[in-house]
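**Q** Sequence:
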Amino acid sequence: MGKSKGSIESEISKALTKWEKDFLGRGSVSVKTDILRDMIIVSLHGILTPAEYALCESKEGMLSVKRSRTSLVESGVDDLKEMIFEITGEKVKSFHTDLSTRTGERVIVFKLFNDLEKQLTG
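Here the sequence shown is numbered in our numbering, starting from 717 and rising by one per residue.
It should be emphasised that the hints constitute simulated quantities derived from the structure, not laboratory data. Think of the CB as a built atom: it goes at the ideal place given N, C-alpha and C, for glycine as much as any other residue. Some hints could be false.
Derived lysine to aspartate or glutamate pairs resembling EDC-like cross-links, with alpha carbons at most 20 angstroms apart [unchecked claim]:
hint: 1; residue 1: Lys834; residue 2: Glu821
hint: 2; residue 1: Lys807; residue 2: Glu768
hint: 3; residue 1: Lys834; residue 2: Asp738
hint: 4; residue 1: Lys721; residue 2: Asp750
hint: 5; residue 1: Lys775; residue 2: Asp738
hint: 6; residue 1: Lys737; residue 2: Glu798
hint: 7; residue 1: Lys807; residue 2: Glu821
hint: 8; residue 1: Lys734; residue 2: Glu802
hint: 9; residue 1: Lys775; residue 2: Asp814
hint: 10; residue 1: Lys809; residue 2: Asp795
hint: 11; residue 1: Lys797; residue 2: Asp738
hint: 12; residue 1: Lys737; residue 2: Asp794
hint: 13; residue 1: Lys797; residue 2: Asp750
hint: 14; residue 1: Lys809; residue 2: Glu833
hint: 15; residue 1: Lys827; residue 2: Glu802
hint: 16; residue 1: Lys734; residue 2: Asp795
hint: 17; residue 1: Lys827; residue 2: Glu798
hint: 18; residue 1: Lys782; residue 2: Glu798
hint: 19; residue 1: Lys730; residue 2: Glu806
hint: 20; residue 1: Lys721; residue 2: Asp754
hint: 21; residue 1: Lys719; residue 2: Glu802
The following label-pair restraints were derived from C-beta to C-beta distances [to be verified]:
hint: 22; residue 1: Glu773; residue 2: Lys719; range: 38 to 48 angstroms
hint: 23; residue 1: Arg753; residue 2: Lys730; range: 19 to 29 angstroms
hint: 24; residue 1: Val793; residue 2: Asp750; range: 14 to 24 angstroms
hint: 25; residue 1: Gly718; residue 2: Ala767; range: 42 to 52 angstroms
hint: 26; residue 1: Ser759; residue 2: Glu798; range: 19 to 29 angstroms
hint: 27; residue 1: Phe811; residue 2: Glu727; range: 36 to 46 angstroms
Please work from the sequences and hints to get the whole structure.
**A** Put into structure tokens, the structure is as follows:
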């Protein structure tokens, strides 16, 4: 492979930011990616708009924001899996995501078929 763990993590963060802007119309304020064993964990900060924060003040609004944001990301999951494969050479076994309507953070976990971290350090 020849790439370092840090450079792959950085490449994933940049690609995910570009995907957010292209697919969702706007990107997060910051993105941090970590490779841990057979997982790629991505932390996105600042993803909610001021209007979404206002909606989140009620339980019904919060659930609505979570549902719509999750549906948007899930509708692009094939692109995200392809992006991970192109960068790492590893196929994604499963995809998990959640959003905090309080902090405006999203966590994405890509579970891979193989231990990518071991390949990069071993």
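**Q** The structure should be examined with respect to each hint, and the outcome stated for every one.
**A** Hints and how they fare:
1. Lys834 to Glu821: violated, 28 angstroms
2. Lys807 to Glu768: Distance ~33 angstroms between Lys807 and Glu768 Cα, so the pair is violated.
3. Lys834 to Asp738: Not satisfied, since the Cα-Cα distance of roughly 32 angstroms exceeds 20 angstroms.
4. Lys721 to Asp750: Holds: Lys721 and Asp750 sit about 9 angstroms apart, inside 20 angstroms.
5. Lys775 to Asp738: Status violated; Cα separation ~30 angstroms.
6. Lys737 to Glu798: holds, 17 angstroms
7. Lys807 to Glu821: violated, 25 angstroms
8. Lys734 to Glu802: holds, 15 angstroms
9. Lys775 to Asp814: Roughly 17 angstroms separates the two Cα atoms, so the pair holds.
10. Lys809 to Asp795: holds, 14 angstroms
11. Lys797 to Asp738: holds, 16 angstroms
12. Lys737 to Asp794: Holds, at about 16 angstroms.
13. Lys797 to Asp750: holds, 16 angstroms
14. Lys809 to Glu833: holds, 16 angstroms
15. Lys827 to Glu802: holds, 15 angstroms
16. Lys734 to Asp795: It holds: about 12 angstroms lies between the C-alpha atoms, which stays within 20 angstroms.
17. Lys827 to Glu798: Given pair Lys827, Glu798 holds - Cα atoms ~13 angstroms apart, limit 20 angstroms.
18. Lys782 to Glu798: Distance ~24 angstroms between Lys782 and Glu798 Cα, so the pair is violated.
19. Lys730 to Glu806: holds, 18 angstroms
20. Lys721 to Asp754: holds, 13 angstroms
21. Lys719 to Glu802: Holds, at about 13 angstroms.
22. Glu773 to Lys719: 38 to 48 angstroms: At 44 angstroms between Cβs, range holds.
23. Arg753 to Lys730: 19 to 29 angstroms: Hint holds: Cβ distance 23 angstroms, inside 19 to 29 angstroms.
24. Val793 to Asp750: 14 to 24 angstroms: Given range 14 to 24 angstroms: holds, Cβ gap about 20 angstroms.
25. Gly718 to Ala767: 42 to 52 angstroms: For Ala767 against Gly718, whose Cβ atoms are near 45 angstroms apart, the range 42 to 52 angstroms holds.
26. Ser759 to Glu798: 19 to 29 angstroms: Roughly 21 angstroms apart at Cβ, these two residues keep to the hinted range, so it holds.
27. Phe811 to Glu727: 36 to 46 angstroms: For Glu727 against Phe811, whose Cβ atoms are near 18 angstroms apart, the range 36 to 46 angstroms is violated.
Checked against the numbered hints given earlier, the structure breaks hints 1, 2, 3, 5, 7, 18, 27 and satisfies all the rest.
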